[in-house]
Structures are given as C-alpha cells and as structure tokens.
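Residue numbers (the numbering used here), protein chains in the order written: chain C, 171 to 506; chain Y, 171 to 506; chain R, 171 to 506; chain S, 171 to 506.
Heads up, a few of these hints could be off.
Identical chains blur together in the list; that is why a pair holds if it fits in one copy or across any two.
As the list claims (entries may be wrong) - Under the rule of at most 30 angstroms between Cα atoms (straight-line distance), these lysine-lysine pairs were calculated in the DSSO-like manner:
(1) Lys-238 / Lys-218
(2) Lys-197 / Lys-245
(3) Lys-218 / Lys-197
(4) Lys-370 / Lys-238
(5) Lys-197 / Lys-238
(6) Lys-245 / Lys-370
(7) Lys-472 / Lys-218
(8) Lys-472 / Lys-176
(9) Lys-473 / Lys-218
(10) Lys-197 / Lys-176
It should be emphasised that the hints constitute simulated quantities derived from the structure, not laboratory data.
Number of protein chains: 4
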Amino acid sequence: MIVVMKHGATEEMIQRTARRIEELGLKAHIIQGTERTVIAAIGDERGKEELAACEDVEQVLPILAPYKIASRETKPEPTVIQVRELVIGGGRIGVIAGPCSVESETQIIDAARKVKAGGATALRGGAFKPRTSPYAFQGMQEEGLRLLSAAREATGLPVVTEVMTPHHVELVTRYADVLQIGARNMQNYHLLAAVGEIRKPVLLKRGLSATMEEFLLAAEYILDRGNHQVILCERGIRTFETHTRFTLPLASVPYLKERTHLPVVVDPSHGTGIASLVAPMCAASVACGADGLIIEVHPDPKKSMSDASQTISPEAFAAAMTQCRLIAHALGTQLG
Amino acid sequence: MIVVMKHGATEEMIQRTARRIEELGLKAHIIQGTERTVIAAIGDERGKEELAACEDVEQVLPILAPYKIASRETKPEPTVIQVRELVIGGGRIGVIAGPCSVESETQIIDAARKVKAGGATALRGGAFKPRTSPYAFQGMQEEGLRLLSAAREATGLPVVTEVMTPHHVELVTRYADVLQIGARNMQNYHLLAAVGEIRKPVLLKRGLSATMEEFLLAAEYILDRGNHQVILCERGIRTFETHTRFTLPLASVPYLKERTHLPVVVDPSHGTGIASLVAPMCAASVACGADGLIIEVHPDPKKSMSDASQTISPEAFAAAMTQCRLIAHALGTQLG
Amino acid sequence: MIVVMKHGATEEMIQRTARRIEELGLKAHIIQGTERTVIAAIGDERGKEELAACEDVEQVLPILAPYKIASRETKPEPTVIQVRELVIGGGRIGVIAGPCSVESETQIIDAARKVKAGGATALRGGAFKPRTSPYAFQGMQEEGLRLLSAAREATGLPVVTEVMTPHHVELVTRYADVLQIGARNMQNYHLLAAVGEIRKPVLLKRGLSATMEEFLLAAEYILDRGNHQVILCERGIRTFETHTRFTLPLASVPYLKERTHLPVVVDPSHGTGIASLVAPMCAASVACGADGLIIEVHPDPKKSMSDASQTISPEAFAAAMTQCRLIAHALGTQLG
Amino acid sequence: MIVVMKHGATEEMIQRTARRIEELGLKAHIIQGTERTVIAAIGDERGKEELAACEDVEQVLPILAPYKIASRETKPEPTVIQVRELVIGGGRIGVIAGPCSVESETQIIDAARKVKAGGATALRGGAFKPRTSPYAFQGMQEEGLRLLSAAREATGLPVVTEVMTPHHVELVTRYADVLQIGARNMQNYHLLAAVGEIRKPVLLKRGLSATMEEFLLAAEYILDRGNHQVILCERGIRTFETHTRFTLPLASVPYLKERTHLPVVVDPSHGTGIASLVAPMCAASVACGADGLIIEVHPDPKKSMSDASQTISPEAFAAAMTQCRLIAHALGTQLG
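Here chain C stands alone, though its shape is the one from the complex (with noise of 0.2 angstroms):
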C-alpha cells in the first residue's frame, strides 16, 4: 500500500511512520515529491486501518484487491456450474424461471412446465420469503420446498430457492439444487459460513448497496469454506431513480468477469420491478455476456402474491427467451 503524510509532514514524522511500517513486517521505502512525501509499503496489506488513523497521515492508498480466491488472477478459466440441465458459464447462458413465491402444487407445477416450454432450464421459486413488513405473506415455508421438488419431478428441471437463515441451511439444501442467497443477507456472514460448508451451488445475489470489492469478498467467505460453486447474481442497486424499483447497472456484468472466474447471471425482474421492462433487458443482459438470467414468470402475473407488477407471463417469457436466444447465436454464444 502507499501510504501518503500530511503536508509538511517533518523528517521526524517520516521516520516514525517508516518504522511503524517496518514493525508491521513491510518494508517502507521513502519517496520525497515535490509537494508531499509517501511511503510504499511492501509486502501486503495489513496495518491499512492503524496506519490511517496516525495523526501524520493523510490516507493510505491500497493497491492490492482484498479478495482471493474470487480472483481471475487466482484461476483464470472461467468456472462452470452444472446441474442437470442448467449450465452456467464458459459460453452457456442459464434460464432460471419461475414464480415469485411457491403458492400451491398446481401453480408451481403449471409454472415449471410453462417456463420449460419457454426455454427455462431451471426453475425459480421462494418458499422462504423475506418480506419488508411483518404483515406480508412469508412464503410456504417447508411445504413450499416440497411443492418445489415435486414440479421438479414432475419436468425435470432443476430448483433454485432461497435461504434465509443458518440454521435452515440443511433443510433447504435437502430439497434444493442451487441455494439462493438474497440480497438483504449479502452481508449476513453467519449465513454465508453455513452455505460455504456445503457442497452445491450457492447463487449469491448483490446487496442494494454493495459495492464491487463487498460483493466478491461475500463470494470469498463461501469460497473461503470450500464451496466453490458460486454464481453472482447483478440484481439492481439502490440509487436515487425511483420511476424503476432499483437500478440495474450492466456494466457490472463486463466488470465482474474481467475481474472474477465466476459466472455472472442478472435478475433484470427485481432489477427494474416493472414488467414490460423486463424483455429488453434480458437482451440486454445477454448482449453484455452474462452467464445467465433469473427472471420471475407467473402463470397468471395478476394473481402473484408477491411482486405481481414486475412478474411476466409464460407468453412474455418465452417471446423474451426467443429473441435473446438470436442475441446469444448473433455472439456466438448459446442460451439454455
């Protein structure tokens, strides 16, 4: 890291701060400029905060990324996800679809075999709902992952769902295929732990405030604990548009892959909460190179439970899939 003094920082001052850097088991290397004097400090990174904080400091610049394992440097060749029909990465562009919530056996198997014949090649569906008020619905909680594994039976696709807790952590992963972690628990760390010490996909969505180097050092704590099937998932940001829900900042997507090996995948649902918004940035999102799409389809979008305005009909779907799938051939790469 390069450290940078005060102005005017004296010879004195200079020194201490060397030597405190030389305690720390860098080596300080001096370089007087012409307005202001920094010290490089090699080796890693450690001692950024202490050194910030002395009074003869002005910042303390880092250099290095803080995370790992998420490194492209680290691993250069894309990661690929595989599970049954789904494949994410390495020029495959997954279809994840489905309802909002699990709401009944008929709706969810209706909406499996809707999103399969649109193109889906996973199905999508929350049995544990985070919900911002304490009156709404909650989801159909362990009855809902049955109703999940059944539509699964019932055509083949594999089910993403979320988890909202450690200690659900086993029971979702029993009915599961992918582990979804929204992004209100980005940062839950205890929660991250636990799907870390699993063995099946994890897709991790991006907080509403999180920045580029938070949201891979959450892929890192999963990482870090050996799972190493994660898919980041760009799923809008929280900025100061309202006439969207969130903002859905693409340029992530190029961002993200020059920097990590893992899949990138967009929710362009939740990213721009409006329905008829919900096509065009499937194309979009596809002609940038993400990995893939999660996007909520209902059989009837009216009669959603939850998050009816930006659910799209089997029909929008698959006209959405349609065209995205002449985008992917355009590029040379292949969707579903």
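Start from chain C and add chains Y, R and S according to the hints.
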C-alpha cells in the same frame, strides 16, 4: 389507496378494475378527472401489488403508513428506555461509548473507566464482529462477552453489544444489557424475530440503503413479537459521497421523531468514518433532538484492531461531551 | 391530484381545504376513508405546492405527468431525426463517434475517416470543453469548430458538438449539424431556451442526478420554444458505485421510449469511463432498443488530451460495431 | 501520483511506462512490490489520464488535491465576508432569510422587515428563478431586482439573489450585494468565470451530486479569475432518500472547513424540503460549525408562489434563531 387508470381507459376497463377492488373487500369510489380516471379504494391497502399489475392501471398510490405499532398515531407519548444509568428518550440523552471491538480485559476495563469519566452512561464493544472480509479479525466471541461483563462489574455501566445470528441471541442476552442489530442485518428477518422474543432493549441500526419506511418496518418486526424496547439508530447511509465513509443524514432524527414514539440515537463514528468529524456531528445530533449517541472510543485509537480511523481518544470524547452538555442545557434537555 | 388529509383532520379542516381547492378553479371531491380522508382535486395540478404546505394536509399526490409536448400521449409516433447520413429513430440506429476533444486538423480528419470506415454515421468532437478543473484543457474553441467543418468536408459525416453557454449558440449553430447540451448543463435553462430557438437537432444529455421527469422537462424547455428535433441521451448517473466512472442505467432506454416519442441514444464511454466496458455496453444498448450510440474514439487513445481512459481505438470501435450490427439484424433494426 | 502496473507486468512494460513518465517532465521512481510493481511519478499530476489509459497500467492514484487557491494549505486563516451588517466567517454566523421568490413590493418589504426582526442579517429573494418545468413561474426578473433594492432601502439588509446566466451578471451585480449561483449551475463554467470577474461576494451552492472536490474546483474557477469573496453553501445532495426533498449531509461543514479557508453556510430549507425540519437543521448547522444559514421565510408560507412546503413563517424563523443564538453562545460563536 388511489388507483390511477391508464390514459384512455375505457368505461369497461374502469368497471372491471372497480369490481376487482370490491372483490378484495374494499369500497371502490370512481372519480372522473379531466385527463385521467382514478379510483379510491377505501378500507386498507390490501391487493396493492395485484392492482398495480393490472394492464389497465398506470399506478397505485398508497395512502397509509404500513407500520402500526411503531407509529406515533398508535402511541403519542415517547418511549423511554432505561437500563441502569442509561436513559434514552423523554428529554434524556443517553451516551454509549467504547471501543469497536473487545480486544483484552485490560483494554475493555480501561476503556470503560475512561468513557465513564468522560460522561458515558453505557459501554459499547463488539464481541461478534461483522467484517467485510473473511480474512479480517472477527471478534473475541463468547470470551469478549465475558470481558464486557467484567467491565460492567468494574464500572457499573450497562453493556451494549452486537448479535449477528439468531443462534446467538440466547447467549448474548445472557451477558448484554442492550442487544445491537447491525446495519447489514437490519433486514435479517429471522434475527429481528429472535430479538423480538426477548425482553431486553434492542438498538436497531439503520441499513446502509434503507428508507425510513423500511427502517420502521424492521422495528415493527421486533415490536410485533412483543419486545417494545426498540431504540432506532441513524448510522449513515451509502451515497455517491466518498470523502466520508458514509453520509450522515441528520434530518432523519426530527423526521423519525414526528412519526414514531421510539427513541432515536446517532452513531457519528460510522456515520463519518473520520475521527476529526465525530465531535462536530455529536454536537449537531444533540442540537437536532437526538435521544442518544453511540461513539467509538479507544484508550489508544491507533492501536484499535478495527475502525481505527474513526475512533477517538478518551480525551477527545470528554471534550466532545462537554460541548454536547452545553448544547443540551441550552435546549432544555439533559445529556447523560 | 389527490390531497391526503392528516390523521384526525376535523370536518372543518376538510371543508377548509376543499374550499381552497375550489378557489384554485378545481373541483374538490371528498372521499372519507377508514383511516384517512382524501380529496381528489379535479382539473389540473395547479396549486400543488400551496396545498402541500397547508398544515392540515399530509401529502399531495400528483396524477399527471408534467411534460406535455414530449409525451407519447401527445404524439404517439416516434420522432425520427435525420441529418445527412445520420438517422436516429424509427428502427434506424445512429452511430456518432469521434474524439473527446478536437486537438488538431490531422487528428480530427484522421479520426473522422477512421470512424466512418468503422461504421459511424456522424462525427463527434468537443471544441468547447466543460472541465471540472479551471486548470484543465478547455478545448480549441472556434478554431475547433472550423476543424470539425473541415472533417465534415473530408468525409461527409455530419458534426455533433457541444455548446456550453447561450452566447455561443449562434456561433456553434453555424458550424455544427447537431448541438449537444452536456450533462452538467441539462438544467441550464437559459441555454435550453436558446437552443429551443434554433432549427437544428439538439442532443440533450441526461444530468448526473436527473430523474426521468426532470430529463423530460428539460427537453420540454426546448420543445416549448418550437425546436422539435430533440434527441435524449442516457450517459450514466452518479451513484455510490465507484468502480465505473458513472452508473449506466440502461432500463431508462425502454422506460423513456414508453413515455416519449423522442429518440434515445446511449453514451457508453462516459457511462462507464472504462475503455474495456464500452463494447459490451454498446451491444447491450442496441439489444434494449436504443436509437443510437455516441462513442469516444481516438486515433491514438493514450494520446487523447481528455477522457483517455474511456476512449477506444478505431479498431476496437469497428469490432464493436460489427457486433452491434449482428444484434440489430437479429432484432430487426438497422445499425448505421 | 502513483502508477500501479498490471499484475504480471514485464520489466519491459515497466521501463516503457517509466520512460513515458520522464517524458512528461516528472521523475519516475520504480518500487517492486511482492505482488505488484508501482511507479511513483514525482512532480505534479500532469499526464494522469494518459497514464491511466496505458494498457500495462492498472490504475493511477492521485496524491495532491487539485484545487490550489481554495486550499487551507495556501491560506491558513479563514476568509471572512462582510457586507453591511452581514458577517460570515471568523466566528460570526451570518443569517440570510427571505422568500423563495420576490412576488410583489408589499411581500418583499414585509418579508424583509419580519426577517430582520427575527434576527436576519441579510435578505434573500429570487428574481430569476430556475424552475424544473417551463410552465412554472420563472420569477419577476429585473422588476424583482428593483423590489429587492427597495427592501434594502427600507431595512438596511444587504440583498442575496441568484444569477442564472453570464449575460445577466452585470445587471444582477448592479442591484445585489451577494450573487448566488444555484446548485444546478455549480458546473456552469461560463457563469462561474463571469462572476469571477466581479468584485462582490458570490454564494456558491453545492451541486445536487457534486463531490467535495468538484465543489472546491467550482469555487476555484471563481477564485482563479480574481474574485476571492466566495461563500460555499451546502444545500443537500440527491440520494436514494425520498422522505426529504434532498439529503443534508452536515459532515461536509467540518470537512470543508478543514480543507478550505472559505466560509461554509447551510441551506436547511432546500436541504430538507419540509418546513418542520428546518429549525432542527438550523440548530444542527450552528452546532457543527457552519458560518451561516440561508433560510426560506415568507410572510404567509402557504401563499408562497414557489417552494411553499419548505418555507417557514416569520414566527417560526424567530423561534429557530433564538434557539440557534443559545447554541452559538454555548459554543463561543455569535449568531447574526
């Protein structure tokens, strides 16, 4: 709620929407405007999402606040929290101070004595630490809780400490006087439910990108389980500003106090991330009506194992409290 | 608009507010809800601020969009802008490319030839440069405009260039084919009025923190003066994200196109600030329905006197356009 | 500045970059780290963008603040602005109050008398109004300036009023004592240059999404032209928060005062947009060291032709000033 029909909606569309509103158990009241027709749906806000998803509907405007127990309409008189010498609310400003992390017995007892001397009425200190990186110091865990108890023994100060996962609620409740829910866990609903079951005060930090409504609904999760001792804590939000660690939006203090009976405290340490800005923000918080402060103070700030750059010394703390006491006195409130 | 009365408003307060609405020339329609009384004020949205300021009123909810001429309700068919070979809108995707700044005759003519060869249908280049620092290069001014004309002579490409102040509108109009209003000037109302008086197309960039409504109202300033050739340009917004220079919220493209007949182009160079992200964001923009692209291309990007890190080479530009052409073809639109 | 080479940069790449740095007239100092090589470029920050664009370079970290004249390093003693009875800076807190817009002679003289009685030391009032919509009231223009002069005659209060375009600078300077640059014009560089040529104080409002560095660089445009009487005004920023009109980040007050000698005032009216929050935010501003306040006060707030919901009455203003005076007194500063 108010249902705004799309431009050019036909009489049939309007009648169909009105029928749907009546089916939901609400009374539909059609108002023909000059350019738009709107339907007032009288009763409560059920079916909001479904109606918003109708293709004939442009938007649905909610009228009622979705939180009930937290609302000042439900309980006009302010809630006062009292634990030992800590009083928060009703004109008394609680002062919670101490190190970011518990590091050793000497450190925490030394810190407790010094913050007490400087004017603190409670001790803060992290035993379980949520850290962005899996490679950072994660706290002393249960041993940290024991040392906090020892510091309480030594000084009489009640202890405020964070709980990160439902599984630890029982353990932390055994040692702590006030349980803190961190900003990253503000929407960890299983954790909110778990602390809703205990009968000790909970200090709930605002999420980094939480709206006021989401913040009050998070409190509602705790209140709804029967724990009525909730303290709201403004700790700064994430915005485009990078000169400070977060942006501290103090207008939330009077805004919240107009809407809820719960007390509101401010965390200027995380809210700014810069030690030299902590004292001015303490003064500003007291001036705009905060019911308390929570401040990171370490016997030797540079040696702090976490958050070093935002931690102040016991001397700086005592000076800041002297200034706050003068302001509180001028305004007819009481610090400490 | 809908006027929501405060909780507990008395009959007298309600009648007084209703009378004020009638005095404003609107029709007041009182609706007694279960928990709140609301008054529908029928007519237009006049008096909104005054009513919101009444102490008996909780909030005022507007129903109508405040822009008129820009609205798709006013003019359902899309506006198509055509200048020489540049066509923007109606299924044709215009490609505006060139250096950030005009630097010399050789540079701008070389750039024009190369972007034309790569697929551009217009040349961009700044003669007047808005720069954050007074010490940075401010552009070649009128000499730059002359060189742009020379480049048009040499290649036939129409010229898009920025005007920064009302005083220069006449001058820039003499040389340019399309006048650009920069993001920092989106609410420079005297400048908007001045370009509203001319009869050449105006490319209006979205402000860094402008809402969709503010963006369309800025366009309305120009339209209202009689200049109907307005091109909207999404160029990224300021959010908490710092890994890219700005956040490029592509959902604004389909969102705007649902609401306005004006064409929408995307600037992926400023929108990301990183050269390697420009091509993926071009592809995404075409995929989600953008009517055009505006891209920074320099014969020797590293030597660019401004915006070097987001500028791409003519070779990278040509490759990106090849990809975009395939996507446009797949979607039934036409690039260039 | 510090040039960070890409991971795996070869000796040849490093030498090539170092040569380029020397060609720019800087001294290159190569530091071989454990995982990365960095090059310290000693001298100033020229060529920053070019170096950042080199393909062998990962990033360039600037070391020096880009503003010079505004910096406290250049002029350690605080700048004090004095016009008639208005004193801003050096322990004196100026109080600028008045209506959003000048509406009539009676209104502005009445307002001036009442704010003076309540403690104001200057009168604010808009003659030229920047309005989001072309259909909103745009101000009384020159007639408004004449009425402001009349109010100064009647009360002795100096006048603060906005100038929106370079063409009006001469006119507004004739009538006003302090010229205000609005938030939307903070980066209207031609306007900044124009007010840099006059010799009256300029109150520069922070842009809605301006960083501290951009804010100080905007001031630098004015200072660089020779006008050293610049007052910085924090008026709130645009964030995801919608419960207030803007987010008022008061930590910017002490942050700016550490870095610049220019005085800093706060606008709690625009900063919150809600009348009931103005008084608490005035108190907080004084408590954290603001050098002044600028507040919207109208003889009859509900009748205000603009910004009605954030305007307070003369009585509320007088009460707020009484509270602020007590706080200032407690802190050893002086209000008014």
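Tested hints:
1. When the C-alpha separation of Lys-238 and Lys-218 is checked against a cutoff of 30 angstroms, the pair qualifies both within a copy, at 17 angstroms, and between copies, at 28 angstroms.
2. Taking the shortest alpha-carbon separations for Lys-197 and Lys-245, only the intra-copy value of 28 angstroms comes in at or below 30 angstroms, while the best inter-copy value is 36 angstroms.
3. Proximity of Lys-218 to Lys-197 under the C-alpha cut-off of 30 angstroms is found in both arrangements, the shortest distances being 14 angstroms within a copy and 27 angstroms between copies.
4. In this homomeric assembly, Lys-370 and Lys-238 come within 30 angstroms of each other (Cα to Cα) only inside a single copy, at 21 angstroms, whereas the closest approach across copies is 41 angstroms.
5. In this homomeric assembly, Lys-197 and Lys-238 come within 30 angstroms of each other (Cα to Cα) only inside a single copy, at 22 angstroms, whereas the closest approach across copies is 33 angstroms.
6. Proximity of Lys-245 and Lys-370 under a CA criterion of 30 angstroms is satisfied intra-copy only: 20 angstroms inside one chain copy versus 48 angstroms between copies.
7. For the homomeric pair Lys-472 and Lys-218, the shortest alpha-carbon distance between copies (11 angstroms) is at most 30 angstroms, but the shortest distance inside one copy (52 angstroms) is not.
8. For the identical chains of this complex, Lys-472 and Lys-176 are inter-copy neighbours only, at 16 angstroms across copies versus 61 angstroms inside a copy, given an alpha-carbon limit of 30 angstroms.
9. In this assembly of identical chains, Lys-473 and Lys-218 lie within 30 angstroms of each other by CA distance solely across copies; the values are 11 angstroms between and 53 angstroms within a copy.
10. Taking the closest pair of Cα atoms, Lys-197 and Lys-176 come within 30 angstroms of each other both inside a single copy (20 angstroms) and across two copies (21 angstroms).
In summary, this structure violates none of the numbered hints.
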